[in-house]
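Engineer: Since the structure of chain H is provided, determine the placement of chain S on it from the hints.
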Amino acid sequence: MYNDIKKVLLLGSGALKIGEAGEFDYSGSQALKALREEGIETVLINPNIATVQTSEGAADKIYFLPVTPYFVERVIKKERPDGILLAFGGQTALNCGVTLYKNGTLEKFNIKVLGTQVQAIMDTEDRELFVYKLDEIGVNTIKSEAVESIEQARLAANRLGYPVILRAAYALGGLGSGFCDNEQELDILAEKAFAFSPQVLIEKSLRGWKEIEYEVVRDRYDNCVTVCNMENFDPLGIHTGESIVVAPSQTLSNRDYHKLREIAIRIVRHVGIVGECNVQYAYNPESEDYRVIEVNARLSRSSALASKATGYPLAFVAAKLSLGYGLFELKNSVTQTTPAFFEPALDYVVCKIPRWDLSKFHGVSREIGSAMKSVGEVMAIGRTFEEALQKGLRMIGQGMHGFVENKELTIADIDKALREPTDKRIFVISKAMRVGYSVDQLHELTKIDRWFLSKLMNIMHTSQELHAAGCQSSAISPHLLTQAKQQGFSDFQIARALGLEETLGSEAGALKIRTLRKQMNIRPVVKQIDTLAAEYPAKTNYLYLTYNGVANDIQYQDDRKSVVVLGSGAYRIGSSVEFDWCGVQALQTIRKEGYRSVMINFNPETVSTDYDVCDRLYFDELTFERVLDIIELENPYGVIVSTGGQIPNNLALRLDRQQIPILGTSAKSIDNAEDRDKFSFMLDRMRVDQPEWRALSSIDDIHTFVAKVGFPVLVRPSYVLSGAAMNVCSNKDELDRFLRLAANVSKEHPVVVSRFIEQAKEIEFDAVAQNGEIVVYAIGEHVEYAGVHSGDATIQFPPQKLYIETIRRIKRISRQIAHELNISGPFNIQYLAKDNDIKVIECNLRASRSFPFVCKVLKLNFIEIATRIMLGKTVDKPSKSIFDLDYVGIKASQFSFNRLQGADPVLGVDMTSTGEVGCIGGDSDCAILKAMLSVGYQIPQKGVLLSTGNIRQKTATLDSARLLAAKNLRLFATQGTSKFLTDNGIDNTLVEWDDAFSLLHAHEVDMVINIPKNLSSQEISNGYKVRRTAVDLNIPLLTNARLAEAFISAFSKVNIDELSIKCWQEY
Amino acid sequence: MTRLRDNKKQAKLVLDDGSVFNGYSFGHECSTLGEVVFNTAMTGYPESMTDPSYKGQILVMTYPLIGNYGVPTCNVGTDGISVRMESENIHIKALVVADYSDVHSHWESEESLSAWLKRNQIPAITGVDTRELTKLLRENGSMMGRIMLEDTPDETDEMDYGSVNFVKQVSCDSPIVYGEHINKKKVVLVDCGVKANIIRCLTKRNVEVVRVPWDYDFTMMDYDGLFISNGPGNPDTCFVTVEHIRKAMQTSDKPIFGICLGNQLLAKAAGAKVYKLKYGHRSHNQPVRLTGTNRCFITSQNHGYAVDQKTLPDDWEPMFCNMNDGSNEGIRHKTKPWFSVQFHPEAASGPTDTEFLFDEFIKLL
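Going line by line, the protein sequences match chains H and S. With my numbering applied, the first sequence corresponds to residues 1 to 1067, in that order. With my numbering applied, the second sequence corresponds to residues 1068 to 1432, in that order.
Pulled out of the complex, with its shape left as it was, chain H reads as follows (with noise of 0.2 Å):
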């Protein structure tokens, strides 16, 4: 190991986005751990505040600032570090690495790049560098032209002729890349692929190729291993990120797999990486030609998932070689007696599956291609393809029970549907098996392998099997159940297919299969991921269930003293690693009372499912039937439900009512703040005001009800049927096309409608209570109007413009909740106020979003709180003067429009961010400028273009109008807004619509301010067209006054270069 590093910087990767997500969590916390155990001092930027890389004790220092090369420097200035890793922080820390490298400032400060050289990034990085780099060693590339205009792009992609690939250079998960099959397409994409990169390369198609990755370590003594291998389950021309991916291959032969192993190994080498590099190849289904895809000399999404596979910690060595240990110095963290020089040997198959949301946006398209979309990720594990692929499947959470035995799905035209794939391409498959599409069709239109699809077939043929067996009303055979379980079936899919739903109901039906299977002793087994498939004994307690097996690798204990906490599953648009936080605090808790800690989880992209992080770790699903044989298993002396978001909180009643001991808040509580109808006649009888709701199950009565509350309001379908996003509706009109539009009104399935309070203010209660009594709180208070999202919305905390009125109304009322509920855990109300006026919106159980923000702004661990109260153990009431901050934290959203083509990028009622940042300031205005710039808003320089909705809005945004006109910037403002600018004195330009296209075009504008006129954003408009434009082209948007005025009046007031470069720990 080098002696000369003392002090190391890591960069983080910031708010979670598409391509870039809770993965970088996971290799940042390790790369941490790994510095720690070495006695360095580490110093962490990032601003997500909601990681665990960002908890107490995970680095010495913690900067909640933007990864910017601009903040970077500044820490670097007054941190002056030794050494700074750049690989485990995703795109965003290696490109801000890269800039600091070619503008000296790592050289200046005498900063030691640790691992991979920034020369061999950019070797990788640069296409052109890369096909030369490669071409040294005889190594096949896709020969792709790099260009820099739009003609040169045409004149390459007709040499290479169509169709071609066309991607940005620098740019994370395929961002600006996609096919095109002729010249108009090209056009189109490449305009917005230079909106990122100045670089834009075209390439020739190999669809249909065999897509597969290598995972390569390699440390300073030139000692290399291929940690794993992944075979995609679609061909080329889907976005790794974008397919369901399976490990270790299962369709290459030893050639096939030692062919490309040794040529990963050999670019490796050359390429000089020290530390973990992932290779990603083309293959040909028909011989051994092969191309390099591309090298990412970083930890990656692919690199956390073979981590997860392999039980390989990849970002742990990966940050130990950076310090210049040999892989034969460090030793394998599962058997803890062998090195980790070795390559592990799986004896199970892993199946990784994307989770899309893209119901949630307006105008994208479903299809997916070579862009990457989805937002989180499942991983399962099974010991036959059938059973991952069908506990993936499940686990995906969109209710989807595996394969088979789902909701019928219509599709107009399979053919099609099969050829042009979307994010719901493996049920596509499932309906075409079902008609009857043979193997060899569906290979022909999905050019997906032939085994993997023989796969899906058996699953099929059972099911077939299933169906025949109920109608037949006979007894199911012992073998066809197991054959059922072995291949992934849940009971429930069973009895759906032997007809028991439809006579038992959906709960007592898969019931009725557990207790049968349980008679012919069908159960499933426990088994390890050892790294070396039982060839040493595994020290670590990483697990999964399986039924193609015969005995437990692990024995049970049966002394009632571990704790079974129920993880948060996928991340997804509201759900991501805020809970992956809560879940390991509650964790790290339950370890320190004493007690053992079980995780379930099965996100590969979390610290949670770390082994390293619980006593044992069970990597399965959160379904009921999963839960219960896990704890039948460990016959725990509690569950925790209330730290894993949703999933873990809908099951409290159905595992309550199976006697299982639910720890902190009774099932029943949980209940009763879920139930919309129990929840609101608990709040009538409390006296406490809600906005005024009914369930409707006719249009009439939605009429009748809206007659009375007025306009606007706010309308949500049921989920289950139409999966449609819930809107506000401010006249009928509007209603009507609604209704019309998402929501098939009857009984079965009301509409909710509530009356739309305007104007109000949103504000989040967060706070732990023990027996109904509230230990600790945090108010935190939306920037913008009720009508957003509080995932969407800027939180600020403490609050800076409520009535002390509105807090103490608050607070009573929330103790009156708590009291009336007899929580004992954390929990969440949101309210609104308007005037004094308080309103309860929603109360939940359980941690919240907003939980380690509020957490880490007060320095003060509601989860350990709560977990010790959930324990049964007494906790004092922390004094009141740590209520008292002189600082301000703020709650940011990031938005990935820029990776959903078409979506709408405007804030509404439903949650459409996915990721967030938390930064402090000394006051509102610092907190603001360090968490806008976190989320990729920059400072105006040039000119911002103006459209700013209805008159009320107009007014709102006049004094930010006049502070932008006072920092001399041109502002261009399109007709009404352009009167009503002038009327009041403020000089613009008035553009027509066509004419703010090209200014956009032309980048003359670098940012754009345009509220929408009314609530609902359904309508195609060249307010829509303008907005889309702007994130198409890399422009900052902002859509929302309240939270442009905050932006506006920050940076008009403060000047970065005056802002503050504390760290956490400072505050």
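Some hints could be false.
[Said to hold, decoys possible] If the Cβ cut is set under 10 Å, some of the chain H residues that face chain S in the computed set are:
# : residue
1 : P248
2 : L327
3 : T384
4 : L453
5 : Q486
6 : A533
7 : P537
[As the list claims (entries may be wrong)] With a Cα cut of at most 20 Å, we get these calculated EDC-like pairs of lysine to aspartate or glutamate:
#  : chain 1 : residue 1 : chain 2 : residue 2
8  : S       : K1321     : S       : E1384
9  : H       : K112      : H       : E79
10 : H       : K859      : H       : D884
11 : S       : K1202     : H       : D553
12 : H       : K33       : H       : D615
13 : H       : K539      : S       : E1310
14 : H       : K839      : H       : D736
15 : H       : K143      : H       : E128
16 : H       : K732      : H       : E692
17 : H       : K331      : S       : D1392
18 : H       : K811      : H       : D884
19 : H       : K668      : H       : E692
20 : S       : K1271     : H       : E262
21 : S       : K1401     : S       : D1320
22 : H       : K668      : H       : D656
23 : H       : K7        : H       : E107
24 : S       : K1321     : S       : D1382
25 : H       : K259      : S       : E1175
26 : H       : K331      : H       : D222
27 : H       : K801      : H       : D684
28 : H       : K204      : H       : E151
29 : H       : K539      : S       : E1206
30 : S       : K1076     : S       : E1217
31 : H       : K259      : S       : D1221
32 : H       : K811      : H       : E773
33 : H       : K539      : S       : D1392
34 : H       : K447      : S       : E1175
Because the hints were derived from the structure by calculation, they are not lab data. C-beta atoms are modelled at their ideal positions from N, C-alpha and C, and glycine is treated no differently.
Structural biologist: Just chain S, lined up with the frame of chain H:
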């Protein structure tokens, strides 16, 4: 498509300690007997099954999904070497897997694994908890086992694996010449059950290879280098070979290179002892270190016996060491061009990281 269980016989593996593992037959329907060993490689079943070193053994694959890419051609090329296989025959006594894939998909596949097994009359079981079986072998050591099928009589005899001379069964009957040419260096290859890829690795380096039977007295031959191959079973059964090697070392300083059993035979010829490992090394991920350096390699291995390093005479030294359990992975003479390795630099199947050792050998000629 028909599913396996509908038309396949139930079968079981019965170990000498009485443990029983149930499954279904997907190979030839007969009973058999062999030493049960596990291999943790995730690819390469056709190569392993045709590797003569597995003679007399029942092979358990720990990777559950087997058969996915079918079986490539069994043909022998114009150079007299198998095109894709490691020899012309399947040598394992039986195959035990967890989840045999009856559908195979690969452009080089000529038949299914099941069809190939049946054609060669080798029994096979699927549906076995191979992880549990492996743990048992790890804890109790390799042991004898029997494959038994429902409705099929048990026709197995008793067998003591350690006392059978398997080398005799797999070696060639008379010398065979590969890449014959007057101007080439000549390597005598002592065939104790040589893998085809060893011959390929030598001939592609432009040498003439004279493959001789295991008990052939090559000491009178005119050659530039001596190669001692891999092979099955207990090295003590190859007394004759050891004698020949010893004689060669006494009479000439010509380069010697040995692989696997070749390592053990060379060690024995040098005067060292060999012992049986508890459950052997059979995998693609065995880490070895070149003694006295920081150079480490991932190797392909398949052996049940090892050289006892402590018994090496003074003029010999360990060359490679296993980083998992510290066992010997290669020896070399301190002054003379004689060396051997316990792992398989020719790979096939497995990682190709140590193929450079053939270059080292050729350089010495």
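Engineer: State for each hint whether it applies.
Structural biologist: Do the hints match the structure? See the list:
At its closest, the beta carbon of P248 (chain H) sits 5 Å from a beta carbon of chain S; the interface hint therefore holds under the 10 Å criterion. Checking L327 (chain H) against chain S: minimum C-beta separation of about 7 Å stays under 10 Å; hint holds. Annotation: T384 (chain H) was flagged as interfacial toward chain S, and the flag holds, the nearest CB pair being 5 Å apart, inside 10 Å. Here the hint on L453 (chain H) is kept, as its CB sits about 9 Å from the closest CB of chain S, short of 10 Å.
Interface restraint check: Q486 (chain H) against chain S, minimum CB-CB distance 9 Å, threshold 10 Å, status holds. For A533 (chain H), the interface hint holds, since its Cβ comes within 10 Å of a Cβ in chain S; the closest pair sits about 4 Å apart. This hint holds: P537 (chain H) has a C-beta 8 Å from the nearest C-beta of chain S, less than the 10 Å allowed. At roughly 18 Å between alpha-carbon atoms, K1321 (chain S) and E1384 (chain S) fall within 20 Å of each other, so this suggested pair holds.
This hinted pair checks out: K112 (chain H) and E79 (chain H) have alpha carbons roughly 14 Å apart, not beyond 20 Å. A distance of roughly 12 Å separates the Cα atoms of K859 (chain H) and D884 (chain H); the hinted pair therefore holds under the 20 Å criterion. At roughly 9 Å between alpha-carbon atoms, K1202 (chain S) and D553 (chain H) fall within 20 Å of each other, so this suggested pair holds. For the suggested pair K33 (chain H) and D615 (chain H), the alpha carbons sit about 18 Å apart, so the restraint of at most 20 Å is met.
Of the supplied pair hints, the one linking K539 (chain H) and E1310 (chain S) is violated, its CA atoms being roughly 46 Å apart against a limit of 20 Å. Pair hint K839 (chain H) plus D736 (chain H) does not hold up; C-alpha atoms about 27 Å apart against a cutoff of 20 Å. Proposed proximity of K143 (chain H) and E128 (chain H) is supported: the alpha carbons are some 9 Å apart, at most 20 Å. In summary, the hint linking K732 (chain H) to E692 (chain H) is supported, as the alpha carbons are separated by about 18 Å, within the 20 Å threshold.
A threshold of 20 Å between alpha carbons decides the hint, and for K331 (chain H) with D1392 (chain S) the separation of about 13 Å falls inside it, so the pair holds. Pair hint K811 (chain H) plus D884 (chain H) holds up; C-alpha atoms about 16 Å apart against a cutoff of 20 Å. At most 20 Å may separate the alpha-carbon atoms for a hinted pair to count; K668 (chain H) and E692 (chain H) exceed this at roughly 25 Å. Straight-line distance between C-alpha atoms of K1271 (chain S) and E262 (chain H) comes to about 18 Å, which keeps the hinted pair within the 20 Å bound.
Between K1401 (chain S) and D1320 (chain S) the CA atoms are separated by roughly 13 Å; this keeps the pair inside 20 Å, and the hint holds. The hinted pair formed by K668 (chain H) and D656 (chain H) meets the criterion: a straight-line CA distance of about 9 Å does not exceed 20 Å. Using a Cα cut-off of 20 Å, the hinted pair K7 (chain H) and E107 (chain H) holds, with the two alpha carbons roughly 16 Å apart. For the given pair, K1321 (chain S) sits about 16 Å from D1382 (chain S) by alpha-carbon distance, which is consistent with the 20 Å threshold.
Distance restraint check for K259 (chain H) and E1175 (chain S): the Cα-Cα separation of roughly 15 Å lies within the 20 Å cut-off, and the hinted pair is therefore satisfied. Only pairs whose Cα atoms come within 20 Å are accepted, and K331 (chain H) paired with D222 (chain H) is accepted, the gap being roughly 18 Å. This hinted pair does not check out: K801 (chain H) and D684 (chain H) have alpha carbons roughly 29 Å apart, beyond 20 Å. For the hint pairing K204 (chain H) with E151 (chain H), the CA-to-CA distance comes to about 17 Å; that is within 20 Å, so the pair holds.
Of the supplied pair hints, the one linking K539 (chain H) and E1206 (chain S) holds, its CA atoms being roughly 15 Å apart against a limit of 20 Å. Only pairs whose Cα atoms come within 20 Å are accepted, and K1076 (chain S) paired with E1217 (chain S) is accepted, the gap being roughly 6 Å. The straight-line distance between the Cα atoms of K259 (chain H) and D1221 (chain S) is roughly 43 Å, outside the 20 Å bound, and the hint therefore fails. The straight-line distance between the Cα atoms of K811 (chain H) and E773 (chain H) is roughly 12 Å, inside the 20 Å bound, and the hint therefore holds.
Between the alpha carbons of K539 (chain H) and D1392 (chain S) the distance comes to roughly 16 Å, so the proposed pair stays at or under 20 Å and holds. For the suggested pair K447 (chain H) and E1175 (chain S), the alpha carbons sit about 18 Å apart, so the restraint of at most 20 Å is met.
In the structure shown, a violation is registered for the earlier hints numbered 13, 14, 19, 27, 31, in ascending order.
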